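Residues per chain are reported as follows:
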Amino acid sequence: MRTERVREVTSHVVLMLGVLVSLFPFYWMLVMASNTTPDIFAYPPKLLVGSHLLENMRNVLSNIDFFGAMLLTLIASLGVTVLVLFFDSLAAFAFAKYEFPGRNLLFGILLVTFMIPSQLALVPQFVTLAEFGWIGSLKALIIPGAANAFGIFWMRQYAKGAIPDELISAAKVDGAGFFRQYLTVGLPVLRPGLAFLGIFTFINVWNDYLWPLIVMTDPNRLTLQVALQQLNGVYGTDYSMVMAGALMSVIPLIGVFIIGGRHFIADIAAGAMKF
Amino acid sequence: MTLTRRKFLALTAGGAAAATGLTGCGSRSSLGAADELSLWAWTGSVNDDLIAQASKGIPGAPGKKVALTRIGGDYKTKLLTSLAGKSMVPDIVGLNDDVATYFPNADQFLDLHELGADQVKGDFLEWKWKLGITPDNRMMAFPMDTGPTALFYRRDIFAKAGLPTEPGDVAAAAPDWSSYIELGKKLKQAVPGAAITDNITSIYAYALAQLPKRYMTVDGQYIGNGDHIRQAWDLSVRVVKEGLSANAQSGSTDANAVITNGRLAAFVGAVWWAQLGPKNAAPESKGNWRVTPAPGGPGNRGGSFLAITKYCKDPEAAFKFITWLESAQNQAQSFLDPVLFPSTPASYADPKMTGADPFFGGQRIVDVFAESAKKYPGTYFSPYDSIINKPITAELVNVEIGAKSSDQAWNDAQHLVDRELTRVGAI
Amino acid sequence: MAVSDALRSPAAVRIADEGPSQRPNKFKQAFPQYVAVAPFFILFAIFGAFPVFFSIWLSFHSWDGIGQMKWVGLEQYSYLLTDPTFWKSITNTLIIWVLSTVPMLLLALLIANSLHNATRFRSFYRIAYFIPNITSVVAVTMVFGSVFSNNFGLLNAFLTSIGLDKIEWLSQPWGIKIAIATIVAWRWTGYNAIIFLAGLQAISSDIYEAAKVDGASSRQQFWQITVPLLRPVILFTAVTSTIGGLQIFTESQVLFGASGSIGGPGDGGLTIVSYLYDNAFGSNQFGYGAAIGWALFILIVLFSIINWRLIGGSDDERITKRVARRAQRKIAAEKAGKEYADAH
Numbered sequence: 001m002r003t004e005r006v007r008e009v010t011s012h013v014v015l016m017l018g019v020l021v022s023l024f025p026f027y028w029m030l031v032m033a034s035n036t037t038p039d040i041f042a043y044p045p046k047l048l049v050g051s052h053l054l055e056n057m058r059n060v061l062s063n064i065d066f067f068g069a070m071l072l073t074l075i076a077s078l079g080v081t082v083l084v085l086f087f088d089s090l091a092a093f094a095f096a097k098y099e100f101p102g103r104n105l106l107f108g109i110l111l112v113t114f115m116i117p118s119q120l121a122l123v124p125q126f127v128t129l130a131e132f133g134w135i136g137s138l139k140a141l142i143i144p145g146a147a148n149a150f151g152i153f154w155m156r157q158y159a160k161g162a163i164p165d166e167l168i169s170a171a172k173v174d175g176a177g178f179f180r181q182y183l184t185v186g187l188p189v190l191r192p193g194l195a196f197l198g199i200f201t202f203i204n205v206w207n208d209y210l211w212p213l214i215v216m217t218d219p220n221r222l223t224l225q226v227a228l229q230q231l232n233g234v235y236g237t238d239y240s241m242v243m244a245g246a247l248m249s250v251i252p253l254i255g256v257f258i259i260g261g262r263h264f265i266a267d268i269a270a271g272a273m274k275f
Numbered sequence: 001m002t003l004t005r006r007k008f009l010a011l012t013a014g015g016a017a018a019a020t021g022l023t024g025c026g027s028r029s030s031l032g033a034a035d036e037l038s039l040w041a042w043t044g045s046v047n048d049d050l051i052a053q054a055s056k057g058i059p060g061a062p063g064k065k066v067a068l069t070r071i072g073g074d075y076k077t078k079l080l081t082s083l084a085g086k087s088m089v090p091d092i093v094g095l096n097d098d099v100a101t102y103f104p105n106a107d108q109f110l111d112l113h114e115l116g117a118d119q120v121k122g123d124f125l126e127w128k129w130k131l132g133i134t135p136d137n138r139m140m141a142f143p144m145d146t147g148p149t150a151l152f153y154r155r156d157i158f159a160k161a162g163l164p165t166e167p168g169d170v171a172a173a174a175p176d177w178s179s180y181i182e183l184g185k186k187l188k189q190a191v192p193g194a195a196i197t198d199n200i201t202s203i204y205a206y207a208l209a210q211l212p213k214r215y216m217t218v219d220g221q222y223i224g225n226g227d228h229i230r231q232a233w234d235l236s237v238r239v240v241k242e243g244l245s246a247n248a249q250s251g252s253t254d255a256n257a258v259i260t261n262g263r264l265a266a267f268v269g270a271v272w273w274a275q276l277g278p279k280n281a282a283p284e285s286k287g288n289w290r291v292t293p294a295p296g297g298p299g300n301r302g303g304s305f306l307a308i309t310k311y312c313k314d315p316e317a318a319f320k321f322i323t324w325l326e327s328a329q330n331q332a333q334s335f336l337d338p339v340l341f342p343s344t345p346a347s348y349a350d351p352k353m354t355g356a357d358p359f360f361g362g363q364r365i366v367d368v369f370a371e372s373a374k375k376y377p378g379t380y381f382s383p384y385d386s387i388i389n390k391p392i393t394a395e396l397v398n399v400e401i402g403a404k405s406s407d408q409a410w411n412d413a414q415h416l417v418d419r420e421l422t423r424v425g426a427i
Numbered sequence: 001m002a003v004s005d006a007l008r009s010p011a012a013v014r015i016a017d018e019g020p021s022q023r024p025n026k027f028k029q030a031f032p033q034y035v036a037v038a039p040f041f042i043l044f045a046i047f048g049a050f051p052v053f054f055s056i057w058l059s060f061h062s063w064d065g066i067g068q069m070k071w072v073g074l075e076q077y078s079y080l081l082t083d084p085t086f087w088k089s090i091t092n093t094l095i096i097w098v099l100s101t102v103p104m105l106l107l108a109l110l111i112a113n114s115l116h117n118a119t120r121f122r123s124f125y126r127i128a129y130f131i132p133n134i135t136s137v138v139a140v141t142m143v144f145g146s147v148f149s150n151n152f153g154l155l156n157a158f159l160t161s162i163g164l165d166k167i168e169w170l171s172q173p174w175g176i177k178i179a180i181a182t183i184v185a186w187r188w189t190g191y192n193a194i195i196f197l198a199g200l201q202a203i204s205s206d207i208y209e210a211a212k213v214d215g216a217s218s219r220q221q222f223w224q225i226t227v228p229l230l231r232p233v234i235l236f237t238a239v240t241s242t243i244g245g246l247q248i249f250t251e252s253q254v255l256f257g258a259s260g261s262i263g264g265p266g267d268g269g270l271t272i273v274s275y276l277y278d279n280a281f282g283s284n285q286f287g288y289g290a291a292i293g294w295a296l297f298i299l300i301v302l303f304s305i306i307n308w309r310l311i312g313g314s315d316d317e318r319i320t321k322r323v324a325r326r327a328q329r330k331i332a333a334e335k336a337g338k339e340y341a342d343a344h
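From first to last, the protein sequence lines stand for chains X, U and A. Using UniProt numbering, the letters of the first sequence map in sequence onto residues 1 to 275. Using UniProt numbering, the letters of the second sequence map in sequence onto residues 1 to 427. Using UniProt numbering, the letters of the third sequence map in sequence onto residues 1 to 344.
The set of hints was computed from the structure by calculation and includes no laboratory data. Mixed in with the good hints there might be a few duds.
[Said to hold, decoys possible] Straight-line Cα separation of at most 25 Å, BS3-like style, residue types lysine-lysine; simulated pairs:
#, chain 1, residue 1, chain 2, residue 2
1, A, LYS166, X, LYS172
2, A, LYS28, X, LYS172
3, U, LYS404, A, LYS88
4, A, LYS166, U, LYS186
5, X, LYS160, A, LYS70
6, X, LYS139, U, LYS313
7, U, LYS404, A, LYS28
8, U, LYS185, U, LYS130
9, U, LYS56, U, LYS375
10, U, LYS213, U, LYS56
11, U, LYS390, A, LYS88
12, U, LYS310, A, LYS212
13, U, LYS121, U, LYS186
14, U, LYS76, A, LYS70
15, A, LYS26, U, LYS185
16, U, LYS241, A, LYS166
17, A, LYS166, X, LYS46
18, U, LYS390, A, LYS70
19, X, LYS46, U, LYS186
20, U, LYS186, U, LYS160
21, A, LYS212, U, LYS188
Values in this document were obtained by computation on a predicted structure and should not be read as measured data.
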């Protein structure tokens, strides 16, 4: 029994050290965001939270359209998430629960597309969107990502196990067509899976950098990540303000995550085990 | 190739997109609202009050406004990407002294001759005016400011180190780069950690800025392997070897930090650096800075241009705005803030310019920069200068960080330049 | 639901009309399913497949995205293969990948094991460990950039305070790589630990019980049972971190994007994707950018094949049995050896 106790205590010591490392950058962000730039650049550095946080945050708001960038990022993230949830679950439902000619072939193609790195066609994708006249507009952020192979693959695995065939047969007997079956049988059962895929997609779009950096050419309509880097480029001499911007940009997602993240973490782990 | 890109796209993507109704409105327009001309410029390259005025209405163009966006960091990437993107292109763009880089794509910009630029030609410095004109006489860019160079130094730190403190005495103590290095050594001995440049590339750039020739001759011959470049190279290496560089690479937060925390006690820089450097990064050092003629003589680095893109909603109004912003009177105002040096000689007598600058302890800094501007010989920029400059500065950094010896880095740089120039078909 | 009703009724009516004796048209019947899977394939055709083919065409040209395209044949590829900077970007990427992945997976294993042993505060730990992963790379890079900074960094302040010399992290190619690898490892260690934890929880406790009966110490249990049984999960994390590692971009762009050299001093942080971005969008060499894209693709395929080889033929149950047998043998042998040593 004593070894059990020792093991428990050692584990907590290790884990608390890890937590410190995990959370330290946030503390440091707060320290820099709440001091003045000369204090940050001085030696020895200030190690404690200062008193200039509000002032620095106000500077961010007066220099860039922070909430505008946040709103744009929110629209893009929600837009992609809603479309992905709909298209992916619909396709996954069809792949998981219906026999149709060419199903395996189509699913095979889907798996192959999964393997193609997104950067392979970065340049031609840009050129294509330029020909459409979409560069600089929200369409460039939302439409190309509106359905993805990962989501369909994942939802299909989920749907296979989660949706009982009897329910579909029952719905068919009631005269429901495919889309009604999707709505009445598929969607309710898939809801937990959708929650995971939704959070996953939302976080990815929210934090995406390379693609919005390239396609959002209008400096007044940037996503939060690109706007943050722009803030650094334009007002880099006011470093404490840049750090206040960084802090403001990470708070919303972390807040949402602390409230609703527990299931998500379990799902991520479960998803990895399925591969 | 008989199949052009446009045809190829029309056949494939266009077809697919049309079939699915995705093309929608393929608007090929410029940025901003209909009565608004969008302007892209660097931070610290326009006067805020003038822009505020133009954002209410462009003088001489009723009902039209200007909307400025400040661009930081990789400006060129953003501009080129936006031009390649073909939509959301700004109406008016600032271009740096590498304006010739855009000459191959001069058709993306309007010919300012056709908008009547020649009417005001006489107001501007001739060498500056010429830099914006392509070899086939298309006026692609309109002069903004120029970038006469001088030596900036911290009087307080020089005093602490027992060095001369008055501008005249400092200039006398450091007439050329060698004596400047000696001065730097004394400075560093007295004030450990003090530096006379943020990094190796600044010394190189400002030594190059004093030369009458750069990388190519007017008739397209590469001379970047010549003695004049090698001397500037060796000078930069020497400054680093003497331990007088802060090793804070340009564009990094570190580069700002060494100004803020006072490590950078002296710097040979162009006039606009006053704003981008000490005024922005070290407002608390107000009153301690001075300027004096730079070691090695007069020079010019930077100084921008304005160009109107072919996407512009209202070229006449845009041109009105440009000529208004760059009038002698308004350029004088831009000297006050953000310390842009006019390309219009008539400004130099303007009382706005001859005032004392409290940031520089009440010094009349215009005297120093006007002297540099007057004596500056002018130079030639080829469309390939940026391509050539990139590997050279990258290899200089390799010397600074100790990754390569000076000779090896020089050879590698020349080899890379050769590859790049061959690839673009310049040699 | 007007659309779906409209789509449904013809098929339904049709089946009723034809009756069971007639062979129904399978394709027509499956029309709703085709509609359901169509959006992905249409989007992929336009934004995936077409650009992929277009990029082949593009890579045979010299084009700045603005002016006229010029056919150059294989020149872009021959330039690519002879470009030392390209090879440097590959070695950089691989070094950063190793520097981040190895410590990351080891630490994740340690954390997962501790999480498995700890009974209290589990959900707190999970959240705390997962937060770095959902935090934006841009913000994180800015923070780490200041920690590693030459002139005002926390790390250098610490070194100075204990009497050591400053290290110019962000001016040295290896320092830059350590900084980037730290950012990557920081973001992904917790994520991998949580996946390992799920793997640990899936291991039946019977094996451990059996090992205990045989007298195995906890260290023996960890290395001889836990690690081998986690192999599939470890490989999953290795695969995902390979693909992620080959695509590192944001860190160097945020650290050095404004400096005119995206790789930083000595191109120490130049990764394959940042090389691609810099050439394609920094100098508008669209044709060359397309060629680099293909090089990246080949690399990823290469690494995927290596990974598949490693995973190859690993059937869970067989592994479990094999590992259990091997562990038993080893522990018995060690015990025997120890007894032998004790006896003499």
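- Message: If you test the structure against every hint from before, which numbers come out violated?
- Response: Those not satisfied are hints 1, 5, 7, 8, 9, 10, 12, 13, 15, 19 and 21.
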